[in-house]
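J.: Protein sequence lines, in the order shown, are assigned to chains A and B. Residues in the first sequence are numbered from 1461 upward in steps of one, following this note's numbering. Residues in the second sequence are numbered from 26 upward in steps of one, following this note's numbering.
Accuracy of the hints is not assured; some may be wrong.
[Claimed, not checked] Quick look at which bits of chain A chain B covers, simulated, 3 or more residues with Cβ under 8 Å: (1) 1465-1472; (2) 1571-1582; (3) 1625-1633; (4) 1654-1665; (5) 1705-1711.
[Unchecked claim] Straight-line alpha carbon distances no greater than 30 Å define the calculated BS3-like cross-link-like pairs of lysine-lysine that follow: (6) 1642/A <-> 1683/A; (7) 123/B <-> 1642/A; (8) 145/B <-> 100/B; (9) 1466/A <-> 120/B; (10) 100/B <-> 88/B; (11) 1691/A <-> 1555/A; (12) 1683/A <-> 1555/A; (13) 145/B <-> 293/B; (14) 1642/A <-> 127/B; (15) 123/B <-> 88/B; (16) 1698/A <-> 1663/A; (17) 1466/A <-> 1663/A; (18) 120/B <-> 88/B; (19) 1663/A <-> 293/B; (20) 120/B <-> 1642/A.
[Claimed, not checked] If you only want the chain A side, here are some residues facing chain B, beta carbon under 10 Å, derived: (21) 1568; (22) 1587; (23) 1615.
Quick caveat, the hints were computed from the structure, so don't treat them as lab data. For every residue, glycine included, the Cβ atom is placed at its ideal position computed from N, Cα and C.
The lines below spell out each chain.
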Amino acid sequence: MTAYDKVRTARSTTRPTAQDYITEMFTGFIELHGDRRYRDDEAIMGGLAYLNGRPVTVIGIEKGHDTIERMRRSFGAPEPEGYRKALRLMKQAEKFHRPVILFVDTSGAYCGIGAEERGQGEAIAENLMAMMGLNVPEISILIGEGGSGGALALAVSDRVWMLENAVYSVISPEGCASILYKDAAQAPTAAESLKLTADDALKLGVAERVISERNIGTAEFYKTLADDISKELEILDKTTDLTERRYQRFRSFGRFEEERK
Amino acid sequence: MSILKFLHKPQNALETEGRSAEPSVGETEYICPNCHRTLRESTLEEHSWICVCGHHFRISARKRIQMLTDENSFKEMFSFIESNDPITFPGYQEKLEKARAKSGESESVITGTARIGGIKAAIFAMSPEFMMGSMGAATGEKITRIFEYATQYSLPVIGWTVSGGARMQEGLMSLMQMAKTSGAVLRHSEAGLLYITVLTDPTTGGVTASFAMEGDIIVAEPGATVGFAGRRVVEQTTMESLPRDFQTSEFILEHGFADIIIPRTGEKKLLYDLLRLHGGRQ
Ligand SMILES: [Zn+2]
Chain A
1461 MTAYDKVRTA
1471 RSTTRPTAQD
1481 YITEMFTGFI
1491 ELHGDRRYRD
1501 DEAIMGGLAY
1511 LNGRPVTVIG
1521 IEKGHDTIER
1531 MRRSFGAPEP
1541 EGYRKALRLM
1551 KQAEKFHRPV
1561 ILFVDTSGAY
1571 CGIGAEERGQ
1581 GEAIAENLMA
1591 MMGLNVPEIS
1601 ILIGEGGSGG
1611 ALALAVSDRV
1621 WMLENAVYSV
1631 ISPEGCASIL
1641 YKDAAQAPTA
1651 AESLKLTADD
1661 ALKLGVAERV
1671 ISERNIGTAE
1681 FYKTLADDIS
1691 KELEILDKTT
1701 DLTERRYQRF
1711 RSFGRFEEER
1721 K
Chain B
26 MSILKFLHKP
36 QNALETEGRS
46 AEPSVGETEY
56 ICPNCHRTLR
66 ESTLEEHSWI
76 CVCGHHFRIS
86 ARKRIQMLTD
96 ENSFKEMFSF
106 IESNDPITFP
116 GYQEKLEKAR
126 AKSGESESVI
136 TGTARIGGIK
146 AAIFAMSPEF
156 MMGSMGAATG
166 EKITRIFEYA
176 TQYSLPVIGW
186 TVSGGARMQE
196 GLMSLMQMAK
206 TSGAVLRHSE
216 AGLLYITVLT
226 DPTTGGVTAS
236 FAMEGDIIVA
246 EPGATVGFAG
256 RRVVEQTTME
266 SLPRDFQTSE
276 FILEHGFADI
286 IIPRTGEKKL
296 LYDLLRLHGG
306 RQ
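If we strip away everything but chain B, and leave its shape as in the complex, we get:
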């Protein structure tokens, strides 16, 4: 229901602009997976990577930080932590090399501090471009360290989640990150500090079943896939047809597992309001 409402009421000005202009030479075009419109990169860039139809394109962790935090306020931390193939899984080193080359990132999460409307927060943003945000030991370590840092310096934490789940090439070391990060979230929480999670497309598996669902306030981007078990696994297990909006932000909001859905265009203001309301000072 809410997804339909969103489809019919574009939240940005793109629609009135028309689509007659020719793309400049060499400019990349993107096809919206929802409405199949062709969109120019510069146009998407202007509109927070949201299509006319309301579809939120996946964006990299760095772009997200750039879009949603104050200009030049981001200070990256713990970037030296990267996966060290803890169970020497066959073929994993090569896969890591490829992921690093493709994404330009060293791991599936970026951590640090930034300001939103002048208010300082510890942040982490997961990268869809790095093995679809899969959680390895380095991912868990970086998230744990940013929570420990935030606890030490009494900072709120804002985390943008994107993840296909645990990283199977790290076996039990990946699984243990669910417990480790949960412990770090608990300590931050016990110190009376605010933790906001923003669920973005897709947030699934072990990340959903740990720090993504542990926020004091859980925000979701419209239309994001959010769930625990994979859709295909559920289909195969139950042999039932799944609800149309199964495992979307709208579905989890309806069932009581998210506080609010906000389009990317309104996200920075919401985060600022929440930080300010919890005593965040400039």
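Isolated chain A (complex conformation):
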């Protein structure tokens, strides 16, 4: 599979979306709505649930299944209030000492007049800073598209895992191609150069684990993933300097030699 094949697979509307993971992997999900500031952005869904009997906060960027739902959820492109809802739920998780599990799947943060008026940049920036300091374990799983800052806003976590065909990129290959080659049709070339596949992310250290899609969507797939997350949470529970390690995790991206005298 080429990098661009993976981009196409990641975008496929037949892939499981965040709500499928939430329904299949967790029990007793109670959805919580709204950012308590402006509105409820349905591009992000979040709430409380049990993972193998343990209370957790679960948040996901939701693209929707059919056309009507996809429109209601802005095709998984969150507005600032979506990010602010996620932040509210993360702060709540910290208060009640619950870990946070995040499912990331977006082509990017929503581009629109309202989004700019309500501070899309500020909303993402606030999440980056808050997640960096959150005093409970955070695990982010990229299940489809990881579109730039809009994805990172839910992925400043202790562990970042990616599905085999998920992609994570600073810019869409089409966007990159139209800037570099003035031709969006060159997207496959750009996709290759951007190093956006799960394997690339693993090599760069941006992701810790690549999840096989061999059984994607089956009960076995969800059970294995749920068990893996539970196991990882046990490791993170024992980590005393969680936020320090999280900072060092991101601090290590972009290493430079000391000055030679």
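Assemble the complex: chain A is given as a structure, and chain B with the ligand must be docked to it using the hints.
T.: The following block gives chain B with the ligand in isolation, referenced to the frame of chain A:
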């Protein structure tokens, strides 16, 4: 509204001076992109690179530091950090070489310490002349290091932002700088230290969505473009006509995302006042 007010009330003395004098031989002239007047370099230099109409010309990071900090107080740090093409992106090395040759800078940000009215601060200034201030791993590293230095020595940070956004030729390594710098800002903030951002033209994309919007106090230069998504992208997505002042300093102030807009001529005094008010000593 605020932009109009500004247009009709020039903040400098240029207007009364007239424009009759001939430019000296060989002097570069600039055309104001706002009012289309032709301006001599020496005249602009005298007036902080602000046109009669109030338009703030883009200036280099070094000029900005020279204009807004005490004479000879700037000590550059971390200048040895420059991009090393982390994902071996085709054509990027050549692009970097060109950017370095054109700007005379090694990266898109300059970091160090300086004094303003005698008060010491850690500073970073992004360079429009270097790939329009795009954020690569070296950019993020230099900004992170200046925050870590400021945290260690209990210094305030002042940062002038200019950026077209993330540097796509560095892929995920560029994206990760948003998280990395945010972590460094958080630690500086948790130490109870002051961080002032000055948003200058243009501040967009991944820089807006990270350290530019994380200041305790967010100052903006008049008329600067400040936003997250590119204007054209918004136009194409929404197919609506955009407000006249969309994504300007005035727009973000009106919507509550900047504290104050100050012309460049009053900027040094404002920064001094803010530093002093937060206990900065000479
Ligand atoms: Zn003018």
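J.: All hints, please: hold or fail.
T.: Against the structure, the hints come out as follows:
no.	hint	result
1	1465-1472	violated (count 0)
2	1571-1582	holds (count 11)
3	1625-1633	holds (count 4)
4	1654-1665	holds (count 6)
5	1705-1711	holds (count 4)
6	1642/A <-> 1683/A	violated (45 Å)
7	123/B <-> 1642/A	holds (20 Å)
8	145/B <-> 100/B	holds (11 Å)
9	1466/A <-> 120/B	holds (28 Å)
10	100/B <-> 88/B	holds (14 Å)
11	1691/A <-> 1555/A	holds (23 Å)
12	1683/A <-> 1555/A	holds (28 Å)
13	145/B <-> 293/B	holds (13 Å)
14	1642/A <-> 127/B	holds (23 Å)
15	123/B <-> 88/B	holds (21 Å)
16	1698/A <-> 1663/A	holds (26 Å)
17	1466/A <-> 1663/A	holds (17 Å)
18	120/B <-> 88/B	holds (24 Å)
19	1663/A <-> 293/B	violated (46 Å)
20	120/B <-> 1642/A	holds (16 Å)
21	1568	holds (8 Å)
22	1587	holds (9 Å)
23	1615	holds (8 Å)
When each numbered hint is compared with the structure, violations occur for hints 1, 6 and 19.
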